[in-house]
Every structure is written in C-alpha cells, then in structure tokens.
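**Student:** Keeping their order, the protein sequence lines are chains A and B.
Per this note's numbering, the first sequence starts with residue 1, numbered consecutively.
Per this note's numbering, the second sequence starts with residue 1, numbered consecutively.
Treat the hints with care, since some could be wrong.
The list makes no distinction among identical chains, and a pair is therefore deemed to hold if it is satisfied within one copy or across any two copies.
No more than 25 Å apart at the CA atoms, straight line, and that leaves these computed lysine to aspartate or glutamate pairs for DMTMM-like [stated by the list, open to error]: (1) 53 with 156; (2) 132 with 189; (3) 53 with 34; (4) 53 with 24; (5) 25 with 128; (6) 53 with 157; (7) 25 with 59; (8) 25 with 125; (9) 37 with 24; (10) 77 with 34; (11) 193 with 128.
None of these hints come from the bench; they were simulated from the model.
Protein chains: 2
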Amino acid sequence: MARNDQNHTTQERLLNEAEILFAEKGYHAVSVREITKAADCNLAAVNYHFGNKQNLYLEVFRSRWAPRARRLQEHVKNSLAAQSHFSAAAMVKAIAQAFLEGPLSEDEQLRHYQLITREMAHPTEAFELVAKDVMRPAFRELADGLRSVMPEGMSEERLMLNILSIFGMVLYFNFARVAVTHMIGCQYDQAFKARLVEHITDFSLTGLGIGKEEEPR
Amino acid sequence: MARNDQNHTTQERLLNEAEILFAEKGYHAVSVREITKAADCNLAAVNYHFGNKQNLYLEVFRSRWAPRARRLQEHVKNSLAAQSHFSAAAMVKAIAQAFLEGPLSEDEQLRHYQLITREMAHPTEAFELVAKDVMRPAFRELADGLRSVMPEGMSEERLMLNILSIFGMVLYFNFARVAVTHMIGCQYDQAFKARLVEHITDFSLTGLGIGKEEEPR
DNA sequence: ATTCATATCAAACGAACGTTTGATTGTCAA
DNA sequence: TTGACAATCAAACGTTCGTTTGATATGAAT
Chain A
1 MARNDQNHTT
11 QERLLNEAEI
21 LFAEKGYHAV
31 SVREITKAAD
41 CNLAAVNYHF
51 GNKQNLYLEV
61 FRSRWAPRAR
71 RLQEHVKNSL
81 AAQSHFSAAA
91 MVKAIAQAFL
101 EGPLSEDEQL
111 RHYQLITREM
121 AHPTEAFELV
131 AKDVMRPAFR
141 ELADGLRSVM
151 PEGMSEERLM
161 LNILSIFGMV
171 LYFNFARVAV
181 THMIGCQYDQ
191 AFKARLVEHI
201 TDFSLTGLGI
211 GKEEEPR
Chain B
1 MARNDQNHTT
11 QERLLNEAEI
21 LFAEKGYHAV
31 SVREITKAAD
41 CNLAAVNYHF
51 GNKQNLYLEV
61 FRSRWAPRAR
71 RLQEHVKNSL
81 AAQSHFSAAA
91 MVKAIAQAFL
101 EGPLSEDEQL
111 RHYQLITREM
121 AHPTEAFELV
131 AKDVMRPAFR
141 ELADGLRSVM
151 PEGMSEERLM
161 LNILSIFGMV
171 LYFNFARVAV
181 THMIGCQYDQ
191 AFKARLVEHI
201 TDFSLTGLGI
211 GKEEEPR
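Turn these sequences into a full structure, and let the hints steer you where they fit.
**Tutor:** The structure is reproduced here in structure tokens:
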C-alpha cells in the first residue's frame, strides 16, 4: 500500500491535513472529501477514526494546537529564565520573539493563528477546550510575572488588559498579515519580522513614545 | 402582500439579513435559504436581485460595510476638528472612542468587526474592494496626521506600523470580545467599554508606561 | 383593453455534502 | 489453517446546497 508520508498513520495524516485545510479555509469551507483526498485515504476514514467531521476538528485542537501553544509558552518561560533579572522589556520581547521568530516554522505559525483567530471571532467547543486548558493558565502566569515589575497596587483588570494587549498585538500582526502587507506594501520575510518584533516590543513598552499631552479646554 | 419591515424593499431586506448572518456565521456557514427566510422572501430572490450568493456577499460590503466605515472615519475627523490643537493623545482617543463608543449601535459594531476580521484572516474579493476604496485612504490620512506630531524624520514604515497597531488594538478588542470576557470575566457593558477606551488610549500612548530597561549582558 | 417590464412565487434541477454500509484486506494469536 | 480483529475500500444513503425554470401577479404606458 503506497504511503507517501513515511510511516505516518492514517490518523496522523488526517490530523495534519485537516489542520492545514481548516486553518486555511475554515470549518465549513472544507469538506471531508477534500481532507481525505489530501491525506490520501478513503472517504470513510474520518468517520472510522474520529466518528465525524466535527470531532476531527476538535481533535486538531486537542492534539495539534494545544501542544504547540504549550511549546510556545515553554519557549517564553525559558527565554525569561535565561535573564539574570526580570524586566518588563525582557518579558515583552520574549513574547514577541517567541510568537514571531520562535520555534514554529512559517507555515506552522500561520496555521496556529488562523485557527485561534477563527475561534475567537466565533467560538465553538474548540475554544472552550483550549481556553480552559492552555490559554487561561498561560495568561495567568504572564500576568503574575508582569505584576512584579508594574507599580504596586495595579488592579487585576489593568494587569490582564496589559497582557491581553501585548498578546493582541502579536495575534493581530500574525493573522492580519495580508492586511498589513497591503497597507505597508512589503513581504513578511525574516527581515520584516525582525523589525516587527522590534516595533511590537517598543510599542508595548512605550506606545507612541511621546507620552500623554493635556488637551486644552 | 404582507411585508413586516415597513416599506423596505426585498433587496434592502436581503442585504440587512445577509449582513447579520454573514457576520455571525461566515460565508459558507450561511445558506441562501436561511437568508431568504430571514428576509421573508422567496428563495429565488437572491439570484434575481444579486445574480448569486457570492455577489450578495460582495454587495453587503459595498453598500453596508464601506459606508459605515466612512461614517466612522468622518466621526474621527470631526472629533479631531473640534480640538483647538492637534495632539497624539487626542488622535488616539478619537480613534478608540469612535470605534468603541462611536455612532454605531452595539450590534452594528459587532457585525462591522466580525465581517472585516474574517476578510483579514482569509481575504476574498470583498477585502480588495474595501481595502482599496476605504481602508487605505483612511490609513493614509491618519498616518499623515500622526506624522505632524511624531519626531521628524520618522520612516514611513514606522509611521504605518504605529497606525496599524492602534487600529489593531481596537480591532482586536472588538472581534475578540468572547476571548477577552473569558480571560477578564466581565461583560462588554458601557462601563467596561469606557475603561477599555481609556486602556487602549493609555497603552497606545505610553505602552506599559515603564519605559525600556537595559538588558544585562 | 392590451402590452410590457418588473417582481415574486412554487417547484424542480444537478451537484456536493456528511455519513453509513457491507465487503475485502492484512496481521497475528491460537 | 483457522478465527478474530482492526483497517481500508467502493458504493450508496438521504439531505442540503446554489441555482434555474416557468408560471403568476402587479402596475404603468400605449
């Protein structure tokens, strides 16, 4: 039986191809026939191995998205552990770098953000899954780290809004690549991504960098 | 012939209901039957008035999204014109306020951002349409305004990245409502939106507000 | 009264969808 | 060699999809 993907099982090939297609087109725009064709297996394989299409979609988040998110979280943690002292600048840079120049390949990155962006805009069971198991713990940990370098007495909400904002910028500059390149007019190559990390870091630390002016009344 | 929506024409009712449904579920997850049922008209009406489903989708962006985006742009422009002198703080606040507490109703806002978020993550012909006619001109105008209050000689790219970042934060806090409320644990009521405007303004102006620290080496 | 264009309708079209079925294969323990 | 089991297959299932068709109603112009 000819199998192009080395010794991957049918289950694994289905998950791989399903993730690519779901990320690219969204759940409803992808058919089971399209997935099984890409995975080079029979149409019935999805139902045999996963029960139905919906469950294959959930399994993509369980067995592909969540572990990758945890890898990213580890990457950030290791970057910070390598610092001799903890600073806000180091933290922001570690996040931006992990998510834009981190351990993920170009394609993996794009898939990762497209999948979660769809879920954030219109959550399904998959969002509940990764929010509970991955996102909330990661956010909490980052917020606790940030607390130690922010002015004392900052409310929990402000703290979370700051973390959400940093994460939001990273997410935005990833999922909105097409829009960004349309507006700026350049490719997402290695050089531009480095400049982007620099920009996100700067912006998250100092905003526009010109402080708040009093408005005349 | 009983028509519930006052004197709206079938075309208008189709556009209204189509926008609501496309924003809520996305193009492929909405059927023509669902739209025509919501608009209380015959199944064939979509093809009669718009040719096909795809063209109805495009017409939603042409005749509903684009004018609303222009209304928002006007709102920002008027807010700024009311200022006696132009400042970065005023500009950021005008943008955040227009997009979160501006002329749009709660529902309109949600629809507006869900539609464009889908297009940014996976652009179709509709994105080309509104990018060329609405978004690019608006971004250019904002960048020109920002240039006058930023240090001289700032590169065009940095200028655009700043504008994109402000816009990105606003977009993010709108389309990712569900995620934000999941993480923070509160509703998007009027009070929270006001705090959000304050946060976005502060963050865009001063970031975390603790400057950039030197990393030890 | 007749004509004509516009709009709406019920009904049907073929295609694609997710899922199920029942037969067939390969593997390995008994 | 046999039996059992998991995996794969072609084929078909019933639904739903976007679209088309041809008939019917409406209103203004001739």
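**Student:** For a quick check of understanding: which of the numbered hints are violated here, in increasing order?
**Tutor:** Per hint list: 1, 6, 10 violated.
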